[in-house]
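Trainee: Chains as they are written, first to last, in this note's numbering: chain A, 1 to 580; chain B, 1 to 580.
Hints were generated in silico from the structure; no laboratory data involved. This list has only true hints and no planted wrong ones.
Each computed PhoX-like pair below joins lysine-lysine, with the alpha-carbon atoms no more than 20 Å apart:
hint, chain 1, residue 1, chain 2, residue 2
1, A, 31, B, 30
2, B, 339, B, 307
3, A, 302, A, 342
4, A, 314, A, 342
5, B, 51, B, 75
6, B, 221, B, 307
7, B, 342, A, 302
8, A, 568, A, 579
9, B, 339, A, 302
10, B, 109, B, 44
11, A, 30, B, 30
12, A, 302, A, 314
13, A, 44, A, 109
14, B, 302, A, 342
15, A, 436, A, 568
16, B, 109, B, 51
17, A, 30, B, 31
18, B, 339, A, 339
19, B, 436, B, 477
20, B, 432, B, 515
21, A, 307, A, 339
22, B, 302, A, 339
23, B, 342, B, 302
Protein chains: 2
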Amino acid sequence: MLLEAVYHRPRLNWSYAYDRQTIHLRLRAKKGDLTEVFAWVGDKYAWDATKELIPMTLFTSDAMFDYWECESIPKLRRLKYGFLLQKGREQIWMTENGFVAERPANPLKLFEYPFLNPADVFTPPAWVKDAVFYQIFPERFANGDPSLNPEGVETWGGTPTPHNFFGGDLQGVIDHLDHLSELGITGIYFTPIFKGTTNHKYDTEDYMMVDPHFGDVQTLKRLVDACHERGIRVLLDAVFNHSGRTFAPFVDVLEKGEASLYKDWFHIREFPLQVTDNIPNYDSFAFEPLMPKLNTEHPEVKAYLLKVAEFWIKEVGLDGWRLDVADEVDHAFWRDFRKVVKAANPEAYILGEIWHESAPWLEGDQFDAVMNYPFTDAVLDFFVHGTVDAEGFSHAIGSQLARYPLQASEVAFNLLDSHDTPRVLTLAGGNKNRVKLAALFQFTFMGTPCIYYGGEIGMDGENDPGCRKCMEWDPAKQDRELFSYYQQLIRIRAEEPALRTGAITFLEAGPQGTKLAYERSLGDDVIMVLINTEETTQTFQLSVEEREWNNLFTGDTYRAERGRLSVKLPGYGYMVLKKV
Amino acid sequence: MLLEAVYHRPRLNWSYAYDRQTIHLRLRAKKGDLTEVFAWVGDKYAWDATKELIPMTLFTSDAMFDYWECESIPKLRRLKYGFLLQKGREQIWMTENGFVAERPANPLKLFEYPFLNPADVFTPPAWVKDAVFYQIFPERFANGDPSLNPEGVETWGGTPTPHNFFGGDLQGVIDHLDHLSELGITGIYFTPIFKGTTNHKYDTEDYMMVDPHFGDVQTLKRLVDACHERGIRVLLDAVFNHSGRTFAPFVDVLEKGEASLYKDWFHIREFPLQVTDNIPNYDSFAFEPLMPKLNTEHPEVKAYLLKVAEFWIKEVGLDGWRLDVADEVDHAFWRDFRKVVKAANPEAYILGEIWHESAPWLEGDQFDAVMNYPFTDAVLDFFVHGTVDAEGFSHAIGSQLARYPLQASEVAFNLLDSHDTPRVLTLAGGNKNRVKLAALFQFTFMGTPCIYYGGEIGMDGENDPGCRKCMEWDPAKQDRELFSYYQQLIRIRAEEPALRTGAITFLEAGPQGTKLAYERSLGDDVIMVLINTEETTQTFQLSVEEREWNNLFTGDTYRAERGRLSVKLPGYGYMVLKKV
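So here's chain A without its partners, still in its complex pose (with noise of 0.2 Å):
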């Protein structure tokens, strides 16, 4: 056994309460070096009496590791523990003070849960495993109200720049639920639609008011209401790392120096406040003048952008937040804009905007979910580009699967692209069918998936400005065969819980493979999910169960003989199997 390889410390995604009554134990261990695992468990105050060996599974590998877990559900919520390894007929025991070769005869220096206290339990709100997201750049998604037009406004359909105007606005989005509601969509993400100097209003100006060229309080009341009555939530993004240039507070700075009241707002390095080759010499995110990072520690600022936060929610039934630049925020802030939050709207949705590894804000006391651009990734790494082999894959997939507690990746928000990345269409060289397979994937994986607005009728764009293009309208433009198979997509995952909640297996994903089959499994259902990724034909053959499945997509079903299920594919060809 190579003992260097074997990890284990309590919490994050390694021992965590999963409900109220759960707790889920992981180990990591060198790929293929154990054969068996167990948890050994028990009440520390009662250890003869509770004391139990609990079989661990294999639930995730990646490239150098593989990944055991298993549940206990402690009758007295406490939980003391530790692991017994073993390969082949070696065994070994792992204690929170290292190995030992025979079984301590006491409970002492095992590991620890003290206590599963139902207020630290992870608990992202349930509806959000179940949605469909639809992400909106309000200036570019449709034109509902020309009177709200910018002075400039650019024909619809015309050439982003960073800096041009459109005309999109609320009513666009209200005379266009049509369109989501035909596709299937349960939830819109909004990028910014508070007072802002720029087109994509990451530069706050009025965090009270809805932007004029895209309407006003009652527009977004309109919007929400009509999205509810659909059964589309509705999440609206909060730019609380900074403010815009214009924001009153800052403006107050840039006039008075240092006796402006507002002074401790930001961060000021020096004044008079200025900006030197690009360099202002206040803290700005990146080092975008336009945009003073927020003092976020200030009680003034905490309690304004916390106002703010509760205001909307109460003001239009706000079903949630997604959180810009989330990650340079303080941690203080967001544990106290959760509570906030979830006071005013116990259902709330807390999306943070990370990039990177984001367990210190999934433990349960901030977000509910981070933008899984990880798995965005991923994703494009093997079914777009080409550059990862079906076996990285699925070493990438299974690495964050193991990052995470299971409850952050049941709402992880699972995105292609979005307005801060090209087009997934774009990055794809205009292979649609690349496109189709990586939103299949998308679509039958654990998270919360969500179509950058015009992805589902097959438009393209590189990174910022040409990302944030006009919504296409004319149908005659748009792809609608693309469109009816997002459609089917979202009915598909819909009608089947083991596509968002069940377990992952991957079948086929070798070395150099671009062939790929996956399972997922809830209770008695299992699909599986099988994708050829090269443009010719290929076959599988996969040990199953022998039975017959059924084809999601078209009706049809297949019968495995002899426990094998032999399939071809035509070149981009996929299956979707459900056990019948």
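Once you have looked at the hints, place chain B on chain A.
Mentor: Frame of chain A, contents of chain B only:
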């Protein structure tokens, strides 16, 4: 390189803010495997202009691993980072996505410390790392006011049982503060003093009332004031995990059952309340019916206990709280507790009782320190029981240092014994030499040492009730030589900052070894501690700077010849040598 052994994950002990400017980065590798390690750091928004390689140093080791460390002071408080690992001429880069052979072309897939927000910096009160604590069990320290004696009080110095009383009280402590000042104590931790039925008072009846057998609020005020005049801080015991059986709300539930307004203040599994086969049908500490677990998530309970925490700080000028059974209370409660306590007294010290790995409580949002029983175990195993050799001891210490951020190690509450353990002298079979060596390590190591009352004058005692004997006040029965030894330890520690916060390096800690030598260094100060745990003479041969070394106990000086210092130490001998 054994890559399976290499470990880093953002946060906890691996990447953390040490202060408002400085980020510490650490990496684990197989022991002896790597020859050089570098952190590769920069600002992600200005990578090319800021990126740099920072050499890491091997700061500690344990049985299986080396731990490398460096610090970085990012100008704009944002840090993107990876690592470069070298073994001779072999090298590899570590990113958040795994290991890569080539230097990554950009910072995208590196680890990240997004922004150093002051609110998130773990900052224990500065005074704690310089303090020397003394733990008092009030019922057994001194009887200063016999008029308060409980009924049936026994003669001072009698045999302690789980239930008898000897009449110790707060006036007794006031009367004996000279003893503590003479010793050099700067902090007292009192086990509970609020009204309860037992001699230990861990079954609180009234959190707002000093136990009448101990005194009243006026006595407590006089005690705290008298301590403060002497530069002694005072910590009380907050028993918030559970109340006593006679706590009015619990009495109400016992009487009224489900009709009680307080039924949700506890965790009651079924009504009416009863105890069957020694197991109560309500949650309690362990299975102790006298100690019903409080529902600290209930808003009224939480508000009440937080009020208690604040009240005593403000009412008597308390310097902090020790938290009983802290790990079984919800984290959400402790986060709010910290806010309330620090608002009432920003210098207040929050010390949790946790016996196992405590990282989840030591991230800055909850406790300042925990009672460091893993330290106790390591010290006892080597100095007292002799069950671990010098190498194993150095590994146990190394493992503990690696486990926490530096600021946590600086204030770890390092004890040899307490009211919950046998006294160290008893564990040592009466061998005072061994106790002295254990204490020498305790006082020449990082962390806040605490003496359990009477340890300084040679009191012994088995586990509870034996360890809760009456304090011996007859000078003829006190070991005054041991007392003056402790005085010296405290004086030397007070005079030498390097002994409090200097880095530790083991110079002599071999397999089967009973000789231990280590260095503590801080700036230009270097102090060496040499300890012979054998009962026979042993010679130390140390490679040291060619300097004079001053024995801090005796004032003798020693000169290192040709880079070597040769010292012969008699059985149980020791030296603390400072570079002149």
